[in-house]
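Visitor: Chains as they are written, first to last, in the numbering used here: chain A, 1 to 222; chain B, 1001 to 1112; chain C, 2001 to 2569.
The hints are simulated quantities; they were obtained by calculation from the structure and are not laboratory data. Errors might be hidden in some of the hints.
To be verified - In silico lysine-lysine, BS3-like type, Cα no more than 25 angstroms apart, as pairs:
no.	chain 1	residue 1	chain 2	residue 2
1	A	Lys34	B	Lys1061
2	B	Lys1064	B	Lys1014
3	C	Lys2027	C	Lys2501
4	C	Lys2027	C	Lys2350
5	C	Lys2027	A	Lys20
6	B	Lys1061	B	Lys1014
7	A	Lys103	A	Lys34
8	A	Lys34	B	Lys1064
9	B	Lys1014	A	Lys103
10	B	Lys1061	A	Lys103
11	A	Lys20	A	Lys34
12	A	Lys20	B	Lys1064
What the hints assert, rightly or not - Derived DEER-like restraints, expressed as beta-carbon distance ranges:
no.	chain 1	residue 1	chain 2	residue 2	range
13	A	Val123	C	His2025	49 to 55 angstroms
14	C	Thr2024	B	Leu1082	49 to 55 angstroms
15	C	Val2140	A	Val123	35 to 41 angstroms
For each residue, glycine too, the CB sits at the ideal point set by N, CA and C.
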Amino acid sequence: MANTSAAEQAAQERSLAHLKHYFVSSDQQFDAAKMGMWLFLVTEVLLFSGMFVAYAVYRVWYPEVFAVASTELNPWLGGLNTVILLGSSLTVALAIHAAQTDKRRALVVNLFVTVLLAAAFMVVKYFEYTHKFHLGIFPGEHFAYEEMGQRIVPIFFSIYYVMTGIHGVHVLVGIGVLTWLALRAMRGHFHSGYYTPVELAGLYWHLVDIIWIFLFPLLYLI
Amino acid sequence: MKGHHITSRTTLLKVFVALVALTALTALTAQIDIGVFNIPLALAIAGSKALLVALFFMALKYDKPVNALFFALGVLFVVVFLTFTLFDTAFRGDLGNVGKETIHSMEEGAEE
Amino acid sequence: MTEDKDRNETPQGQAAEERGDYVTHAKSIGSWLFSLDHKRIGILYAVTVAIAFLLGGVFALLVRAELLSPGEDFLSAQSYNQMFSLHGIVMVFGFIIPAIPGFLGNFLLPLHLGAKDVAFPRLNLASYYLYLLGVALILVAMVAGSVDTGWTFYTPYSARTGPSVLFLTMAVFIAGFASIFTGINFIVTVHKMRAPGMTWNRLPLFVWSIYSTSIVQVLATPVLGITVLLLFLERLLHIGIFDPALGGDPILFQHFFWFYSHPAVYIMILPGFGIVSELIATFSRQRIYGYMAIALSSVAIALLGFLVWGHHMFVAGQSVVSSVIFSLITYLIGIPSGIKVFNWIATMYKGSISFKTPMLYALSFLVLFTIGGVTGIMVGVLAVDVHLHDTYYVVGHFHYVMVGGTTIALLGGLHYWWPKITGRLYNEAAGRLAALLVFVGLNLTFFTQLVMGSRGMPRRYNDYLPEFTFLHQLSTVGSWIMGAGLFLVAIYLLVSLFRGKKAGANPWGGATLEWTHTGPRPDPHNFHRTPFVTRGPYEFDRIPELVAAHRDETPPDAQQNVHLNQDRT
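Isolated chain A, as found in the complex (with noise of 0.2 angstroms):
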């Protein structure tokens, strides 16, 4: 930071607008609200962890139920959004490069694909549940699905609507956080000094990216 050229100094001082009074520079209140995102991120890796072991107990116990019952999930529908979730990855990568290199268009451009890249993921989720209820699949008590076995059949499909559930909520939540933060993008909120927001949502949309990479094999391809 000592040697910096007045280009830099330039960027510094527009990145002071957010710095708070109880950092000492820029560079602090970023790594420290990087730091939090992680630990974060940790928490909801150990949040879905629960939904896993459970997954992990039944299908160690009934591995034939759960691989019969798999074969109701459309492998095809659960390729396309894996696609789409990655591809929305990328985009929101992207979208961090364009910060970095104070590219306003692109960024907000990139954000706004990724919203609606989630939003498509979520159009596809709505059509397979749907058509599910419509089966009379629904989770545990409510079961009604003549065609499979009534005990543990059920139960997989509890930790399918449970598991992708709270995973569809979490990229609701990323919709609007993404949306939010494409707006504040287009008013040029952020630049090469700060993308502190930017940066985190992007953080937080991998990670939901990450959870489905795995969801994805464990519930439609077994």
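Given chain A, work out where chains B and C should sit, using these hints.
Guide: Same frame as chain A, but now just chains B and C:
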């Protein structure tokens, strides 16, 4: 900000292509039955995808190591949670004849 | 970097001197309720936690009073169940988890680090209000009635009993988030907000213990979140994951619950270790013996604590393989705990010990925590636990750790930092008398329970066989003595607020930054200038010069060295 690593767009695109390829791979391998290796293979592919996302999209590779340490710690404790729970559920009823087989035998019969 | 520093420090340093200390600089209610100042948020926690403690204490006294004689006295079996459930839930989630981190942790952590505030002050305030909301929802569930699950919410009973379980799970979920956010905030604060020169081996041991606690909060509490969320869904939609009637496995719920709740007992006790380290060092006038051993044993306990949860489930029907593994690892916890106790004793060796009230609590802690720890190893023994499980022995063990450990440490810390928080001294004679009353009452209450439990008195019963009458009566009398002692504490502390002698900046001769570098009550922004740390936290031989240097307002090298503050992991 000075000192922040900027991942190039080409790297990001390459990672994306690799991720889509791995998705196709996992979908393909799911079609063939390789017995007990089905799940390890699927999880290995998912794991490498997750690693790609974490290292490049989330830039852990270029970040301060402490963040990677925290994340690894979180994953480690997921493994602990899973393994120690399976120590119970996979060996349930190892003493006496009160296993889940006994308890669930009638229910399993109803299922098939 | 200098321009940043100038921009931040000089105006505030001057303003702080004009404004007065953190209590007097702003007076409106809003300036307290919506303050982002970690010290004021700490006070908010203190008040709320005290109310929760009072409530939980009244429930406990009612439970003990009902047990004064066999048979139903003034509580029906149903209301007895509600009473002990509420005692447990309010005490665990409302008092003992947030008490030390929320109150003393908030107040002291930035002061100990030489920082102006925690890393995320707004998140800090949000944590407090989430916690408050959680406690409020617990009270709603209480008024709505029939919470009779105990604090453990075991399925299938909790999936079938009264609807207020819904409120409770929500309350616990929300309070859990408060705990998570506090943990994240504190970890980042310790990593990123340390003053120049405040290296990891110069951190006060209280900071180490809060840091370890925060790790547990971050890693364990999310699992509590998903557990109560699944329980919520179990009740609402009957998803069947935990409900045997629907093919689910109730023991799985216990795994989920204890994956959080066993580490949670370390969330409760670890901050207590930190306080005791501070008390013993200051009142023995000695550098802590084995500083790194104590610091790292906190981290070791935090991590090992995750590997032992199954010792709560030895008779629940889990597999024998897992019981053996969990039992073995449970013994290991004894090692870091023993390291701490031996190091504390070694610290006192040849020290010039002064038996002030806080030190009396620290000494009580050593005795009581040792009893709690040793009885813990005993219930961790697989074969012995089959006999002792669900008896008063477990109740006695748990309370020796939670009351004899955490609460005693909290009381010690409260007395130790009272002058720094309020600027006043309490009545020392009353303090010592109260410490004695609490010590005697506590042992009378819970030692009798250990005896009863080993003779087979089951827990959670509102009735008992006549041969237990005498022991139960002793226990109840003990609870009164303890209650009287705590009542006395409340009275003389409140009196000291108005009539207590003014305390100086450093009444005990402590060597951590809050004593040597702030006034009787700290400034709104803690320090006039960011301290430049050149020594460890327990170098008592250097206090006079330090305090003198602080008075002269000439911190050596502070100006040039502020840039050390950055690029720290």
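Visitor: Could you run down the list of hints and mark each one as holding or not?
Guide: Outcome of the hint check:
Restraint check: the Cα-Cα separation between Lys34/A and Lys1061/B comes to about 15 angstroms, which is no more than 25 angstroms; the hinted pair holds. Pair hint Lys1064/B plus Lys1014/B holds up; C-alpha atoms about 23 angstroms apart against a cutoff of 25 angstroms. Taking the CA atoms of Lys2027/C and Lys2501/C, the gap is near 22 angstroms; set against the 25 angstroms cutoff, the hint holds. Our distance criterion of 25 angstroms between C-alpha atoms is broken by Lys2027/C and Lys2350/C, whose separation comes to about 47 angstroms.
Taking the CA atoms of Lys2027/C and Lys20/A, the gap is about 24 angstroms. The hint holds against a cut of 25 angstroms. Restraint check for Lys1061/B and Lys1014/B: the C-alpha separation of about 16 angstroms stays at or below 25 angstroms, so the hint holds. Only pairs whose Cα atoms come within 25 angstroms are accepted, and Lys103/A paired with Lys34/A is accepted, the gap being roughly 22 angstroms. Distance hint between Lys34/A and Lys1064/B is fulfilled; the C-alpha atoms sit about 10 angstroms from each other, no more than 25 angstroms.
Restraint check for Lys1014/B and Lys103/A: the C-alpha separation of about 21 angstroms stays at or below 25 angstroms, so the hint holds. Distance restraint check for Lys1061/B and Lys103/A: the Cα-Cα separation of roughly 24 angstroms lies within the 25 angstroms cut-off, and the hinted pair is therefore satisfied. Annotation: proposed proximity of Lys20/A to Lys34/A holds, straight-line Cα distance about 15 angstroms (limit 25 angstroms). Under the criterion of a C-alpha separation no larger than 25 angstroms, the hint pairing Lys20/A with Lys1064/B is consistent with the structure, at around 22 angstroms.
Under the hint 49 to 55 angstroms, the C-beta atoms of Val123/A and His2025/C, about 54 angstroms apart, fit the expected range. Taking the beta carbon of each, Thr2024/C and Leu1082/B are about 54 angstroms apart, inside 49 to 55 angstroms as hinted. Hint check: Val2140/C to Val123/A, Cβ distance near 38 angstroms, so the stated range 35 to 41 angstroms holds.
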